[in-house]
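Work the whole structure out from these sequences, hints included.
There are 2 protein chains.
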Amino acid sequence: MVEIREAITVSEAVDRVMNYKKRGEIEEVSFHECDGRRLAEPVLATNDVPSFHKSPYDGFALRAEDTVGAASGKPVQLKVIEHIGAGILPEKEIQQGEAIRIMTGAQIPKGATAVEMFEKCVEKTVDGAAYISIEHEITQGQNIIEKGSEIKEGTPLIEAGTRIDPGVKASLATFGYSTVKLAKKPVVGVIATGTELLDVDEPLEPGKIRNSNAYMVCSQVERAGAEFIYIGTLEDELESSYETIKEALRKVDILITTGGVSVGDFDLMPAIYEKLGAQVLFNKVAQRPGSVTTVAELDGQLLFGLSGNPSACYVGFELYTRPIIEYALYSNRPYLPRIQAKLTEDFPKKNPYTRFVRTYITYEGNEVLVHLAGMDKSNVVTSLARTTSLMVLPGGTEAFEKGDLVDVLLVDSFAGQEQF
Amino acid sequence: MVEIREAITVSEAVDRVMNYKKRGEIEEVSFHECDGRRLAEPVLATNDVPSFHKSPYDGFALRAEDTVGAASGKPVQLKVIEHIGAGILPEKEIQQGEAIRIMTGAQIPKGATAVEMFEKCVEKTVDGAAYISIEHEITQGQNIIEKGSEIKEGTPLIEAGTRIDPGVKASLATFGYSTVKLAKKPVVGVIATGTELLDVDEPLEPGKIRNSNAYMVCSQVERAGAEFIYIGTLEDELESSYETIKEALRKVDILITTGGVSVGDFDLMPAIYEKLGAQVLFNKVAQRPGSVTTVAELDGQLLFGLSGNPSACYVGFELYTRPIIEYALYSNRPYLPRIQAKLTEDFPKKNPYTRFVRTYITYEGNEVLVHLAGMDKSNVVTSLARTTSLMVLPGGTEAFEKGDLVDVLLVDSFAGQEQF
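Protein sequence lines correspond, in order, to chains A and B.
Using the numbering used here, the first residue of the first sequence is number 1168, and each one after it goes up by one.
Using the numbering used here, the first residue of the second sequence is number 1168, and each one after it goes up by one.
Hints are computed from structural coordinates only; laboratory data are not their basis.
Possibly wrong hints are sitting among the right ones.
Chain copies aren't distinguished; within one or between two, either way the pair holds.
[Claimed, not checked] Heads up, simulated SDA-like pairs for lysine to any residue below, C-alpha to C-alpha not over 20 Å straight-line:
1. K1246 <-> K1277
2. K1277 <-> D1579
3. K1188 <-> V1247
4. K1509 <-> T1529
This is the structure:
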């Protein structure tokens, strides 16, 4: 008896899942442990930048007014009264006829109204004292970077949800964020179903395959910014599977199962959702691969029933689970970036449903090209190793040809997109 | 006294550094700990895929020859003698007039020469025994995925140097790579120089700034795939700085210092290279920012003297240090991907030297656009937080305009490129 399921569109499925989106709890994490995570609050400038008037060059701080009338052949001579490096505070105040030797980044001494570069001054020693002579007039304020001229204290600099990369790290350091507010990583339980599954360290047996989906999904969970708990493999047996899943739900924020959602005789997930009292949000989507992708909800907790087919499983995670995770991490762009690219080979299949094809992109000039990652058999796990994008061919379309512009979702980008 | 240095081109500088490239030592790492690292050896298929003849559908395994002559209104009837799920071995051999109920992924039973889907068979029970009736002829081999039809044992699947992402993980699992051969992460020491530097948790003081470069570089080191040791901050004092650096060189594969490479009075790195007996590969590059970037070599060990200016420091790492690290990790594409993009705003400055501008890219249609990440003052640390690419404007060029095509290096991509 084949159960009849009603297929919904991919965007309807995304919406049904995202109805349950919520922001994660916030935790405070050491600056030294925050790489690759996402900010839960915006970063503000905690001080003016620069926080003092400073010199952009190695040179001499002086009073511009002392150079009035200076010209070629008519030098003014200034006495060098101090010598300061970056980080050393000037001790003296410049009086008329005086200058202070100053290094890049150093604070402008009191009394100075300009800086002139080494190259434009002539240094000399008179009676053991250092002097400079200058044969041109200098403008008030020349070569002084004023306090707050780059950024005023309190300015918002980086928005919540931004992933912490080296450039963000530099800002956090500059503004003294010794701890950073981040969303706690959602904990995602991963369970593989199927009696045919061997573990990665087991030798092959007739009729069996090694479990690749669960580990692939764990890796996708981490890429999305969450934490995984690999719960294990379930045999195709209802009662024990039900107990394991019920127990797992107590330990995780989100539960992913792979396999068991189809309409085969050993596909137990539909019965398990029913026994749990979970509300099935959908169990058929007009997409290939992954039409049997199922999402259920129990007291606000989401259960993702991904297909046991590796490509379908991969696609299901990226389409439905990843945005929930990224939203929990305060991203305002939780969806995969969708761009257009030029197809580099014919794709002659018809697309009765929206098709997601394993692809990778390259660039030529400023055009984006998209290439098939391998044979488009949904059971070819190895082409996933070359996949950095998913080509989206809308349902109801005919064959696509080399040179056609197609939509592409970028799976290895952290840029995100506001809408699906 | 300003020392006169001779500037070399960026590509000459890259070449001088890459003369010292070497592959890293190989270590064997658990499958469970390999995410985000790079393969030191290619991944091979350790078995045929599939490793047995298997069914792509839920249906019935049967002898195609038994359906000869079947047609609408002229059914053949087959007795269902067994029922097998994926991972369960068929116990019986199909004889004439028999069929076995079989699930997706299950091994084809002996004697069967084809599989027919549930939907195309009519199931019935006669005297308590299960039968199917079929009203069409079936071709030999139909719906049987043959052993090795996807991949033959021994086929190279993923090349050395590939970064391990979820798709690669799936292949490693499928082929039983319970341990994976990876290059040991190069250990990169990071030292900041400058008396003006405060740590991230210290309150601002007059004349001082917080150290952002060192932490930014540590984060860049990790992004490139290496491991950092943050050694600390040096005061502008020759003897103690020399001792610290000499000691550090014993503990690391590569040493990065930030600051102290210019020609200011407190720039100690040139004297330290001399005292160490290190060979300076270059100390001036025709680029902005980062013209003072210095690389030295001592007994095959590289010392990167990056500028103290945050942008220059960032650029120097990405141009010169990152490819050395990625090559050590067995990448054959150790350079940043260089693409072209359409400039979205005027950039009126002249470019006496090759200029690297902090930018980020977006897409419109299948075109790549490039945007300035912020004010292009080399001291504006915050624009680095938006930087995902570096726009390259060749030396000797004039103002660029909105709509111009420009070269762009992608810093947040792991795709790499063979040539600089």
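Which numbered hints are broken by the structure, listed smallest first?
Hints 2, 3 not satisfied by this model.
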